[in-house]
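Going down the list, the sequences are from chains A and B. The first sequence stops at residue 475 when you use my numbering, and every number in between is there. The second sequence stops at residue 95 when you use my numbering, and every number in between is there.
Simulated from the structure, these hints should not be mistaken for laboratory data.
To be clear about the criterion: a stretch of chain A counts as covered by chain B if any three or more of its residues have a C-beta under 8 Å from a C-beta of chain B, and this derived list gives those stretches:
hint, stretch
1, 15-26
2, 49-55
3, 78-88
Calculated lysine-lysine pairs in the BS3-like style (CA-CA distance at most 25 Å, straight line):
hint, chain 1, residue 1, chain 2, residue 2
4, B, K9, A, K79
5, A, K433, A, K455
6, A, K335, A, K389
7, A, K389, A, K455
8, A, K129, A, K214
9, A, K88, B, K9
Computed from a prediction, not measured in an experiment: that's the story for all the values here. Backbone N, C-alpha and C define an ideal beta-carbon position, used for all residues, glycine too.
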Amino acid sequence: MKWETVIGLEVHTQLATQSKIFSGSSTAFGAAPNTQASAVDIALPGVLPVLNRGAVECAIRFGLAVGATLNRVNVFDRKNYFYPDLPKGYQISQLAKPIVEHGTLKIAVDDAEKTIRITRAHLEEDAGKSLHEDFHGMTGIDLNRAGTPLLEIVSEPDMRSSAEAVAYARALHTLVSWIGICDGNMQEGSFRVDANVSVRPVGQKEFGTRREIKNLNSFRFLQQAIDYEIRWQIETLEDGGRIQQATVLFDPDTGATRMMRSKEEAHDYRYFPDPDLLPVKLDESWIEAVRAALPELPAAMQARFQKDYGVSAYDATVLTGSRALAAYFEAAAQKSGQPKLAANWVMGELSAALNKAELDIAASPVSAAQLGALVNRIQDGTLSGKLAKQVFEGLWEGAGEVDAIIEARGLKQMSDSGELEAIVDAVLAANQKSVEEFRAGKDKAFNALVGQVMKASHGRANPAQVNELLKAKLQ
Amino acid sequence: MSLSTDDIKRIARLARIEIDDAQAQATQGQLNTIFGLIAAMQAVNTTGIAPMAHAQEVFQRLREDAVTEADRRDAFQAIAPAVENGLYLVPRVIE
Numbered sequence: 001m002k003w004e005t006v007i008g009l010e011v012h013t014q015l016a017t018q019s020k021i022f023s024g025s026s027t028a029f030g031a032a033p034n035t036q037a038s039a040v041d042i043a044l045p046g047v048l049p050v051l052n053r054g055a056v057e058c059a060i061r062f063g064l065a066v067g068a069t070l071n072r073v074n075v076f077d078r079k080n081y082f083y084p085d086l087p088k089g090y091q092i093s094q095l096a097k098p099i100v101e102h103g104t105l106k107i108a109v110d111d112a113e114k115t116i117r118i119t120r121a122h123l124e125e126d127a128g129k130s131l132h133e134d135f136h137g138m139t140g141i142d143l144n145r146a147g148t149p150l151l152e153i154v155s156e157p158d159m160r161s162s163a164e165a166v167a168y169a170r171a172l173h174t175l176v177s178w179i180g181i182c183d184g185n186m187q188e189g190s191f192r193v194d195a196n197v198s199v200r201p202v203g204q205k206e207f208g209t210r211r212e213i214k215n216l217n218s219f220r221f222l223q224q225a226i227d228y229e230i231r232w233q234i235e236t237l238e239d240g241g242r243i244q245q246a247t248v249l250f251d252p253d254t255g256a257t258r259m260m261r262s263k264e265e266a267h268d269y270r271y272f273p274d275p276d277l278l279p280v281k282l283d284e285s286w287i288e289a290v291r292a293a294l295p296e297l298p299a300a301m302q303a304r305f306q307k308d309y310g311v312s313a314y315d316a317t318v319l320t321g322s323r324a325l326a327a328y329f330e331a332a333a334q335k336s337g338q339p340k341l342a343a344n345w346v347m348g349e350l351s352a353a354l355n356k357a358e359l360d361i362a363a364s365p366v367s368a369a370q371l372g373a374l375v376n377r378i379q380d381g382t383l384s385g386k387l388a389k390q391v392f393e394g395l396w397e398g399a400g401e402v403d404a405i406i407e408a409r410g411l412k413q414m415s416d417s418g419e420l421e422a423i424v425d426a427v428l429a430a431n432q433k434s435v436e437e438f439r440a441g442k443d444k445a446f447n448a449l450v451g452q453v454m455k456a457s458h459g460r461a462n463p464a465q466v467n468e469l470l471k472a473k474l475q
Numbered sequence: 001m002s003l004s005t006d007d008i009k010r011i012a013r014l015a016r017i018e019i020d021d022a023q024a025q026a027t028q029g030q031l032n033t034i035f036g037l038i039a040a041m042q043a044v045n046t047t048g049i050a051p052m053a054h055a056q057e058v059f060q061r062l063r064e065d066a067v068t069e070a071d072r073r074d075a076f077q078a079i080a081p082a083v084e085n086g087l088y089l090v091p092r093v094i095e
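From just these sequences and the hints, can you work out the full model?
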């Protein structure tokens, strides 16, 4: 039987505010335990929550960026459950009237575009952290994270493969970082993904029973967990079994998912409107001010890069991976007037060097203007690709500007044909054996001669010219 | 709608309240009276009236995004039953 996968994602993004959603405590990561937990955060009796304007504005910005409906009046609810890192015994969230509804996000997989619908995005507070290490058989509770503002973004079950799910998660990650509402730091838990996965026979209209994989904190784990889950569900069904609705955890060490709780044990959260918080009203003037301050969004920029600079859809997606990267590419493209070549250098040599040095584009030792100048010297024939790489190394080491490095290191491509001819003659004279082999029909011998000439010229000879000259001499 | 004794016991379990059968029966009677009141209200024709989340036409006041709280951990933890390395200690819980 042929199976179809159905995936929907719930993403918790930690909002980049200074203070918590309902108190004036700091949200800075990594403070000593419980030093950023105020009376409101630890739920002392008699305290009241006061909503953070900055958190609401983040949600408005997101809603506008995904073309969603902003609910002019939205309401906070209590989600009730008991756990020691949830001091109030309930989490303040939004159920019936979330701030954001009905948005969309475009993704591209293998150059095919697809629109994923966003059901809703609601504001809520994070819980604290439970530490189960050895505290004499007890659990340690750190409430620094309690009350940190989250925007939970829920998609429709519109994805049909792990590749689409990863593409959506990446596009969302890029977007929330782009519009400055989330720092995107997945190691620190600023962007956490839950995946709802089910399978059904191709052609069946109803969805299969889904299982939810909780708390995936890397794109690689997201892909691995979904792929494992799909295989497991198909095997279970093909062996005559049934899927039971459940919540599962992914274990990166084994690459497998395991059951956390079944539907029977599922929580009954008994939501109701929080009487401590009044409905939130969004003024039109506020929304319009936020809209006016939005930067050009990734999708618009991708379209513009394709149209203005002639780069492919895939390259446009890579180049708009972050605002800093997009700005860098655009500056290099404009400086050089050679956008495609500049794109290749940004995505190739520069990205590789940054990855290797574990540097962000903002910390690149090579500026966009320098890379643009380098591209110019390739375009005008001064540098071959190979020489350009050496100049790039010089730029990376901080050895000066492009032309100065070319001059100082003697990296100019040889343009004097007399000089090249002398080298070719010398190489031919010194490699009679290769010459004879070539004349006897061994093509390999020709490549050996080209190599010798390039070596003798210290890489400065133009390979095309060398080929031409050698051919002429050997005939 | 009226609640069964099983409903009462389930609600008590969700709220982590321990009750015996006699208390459950007493609570059942009290809660069903409340449900009776709700049923009376639900009989009112509300066609065309938008549901409301609060009894008054007032909206949430918003606070500027600024850190205003200082660290008061020592004061808070002075009344905690068990503390270690700045953490509150609770009986071990593993889900």
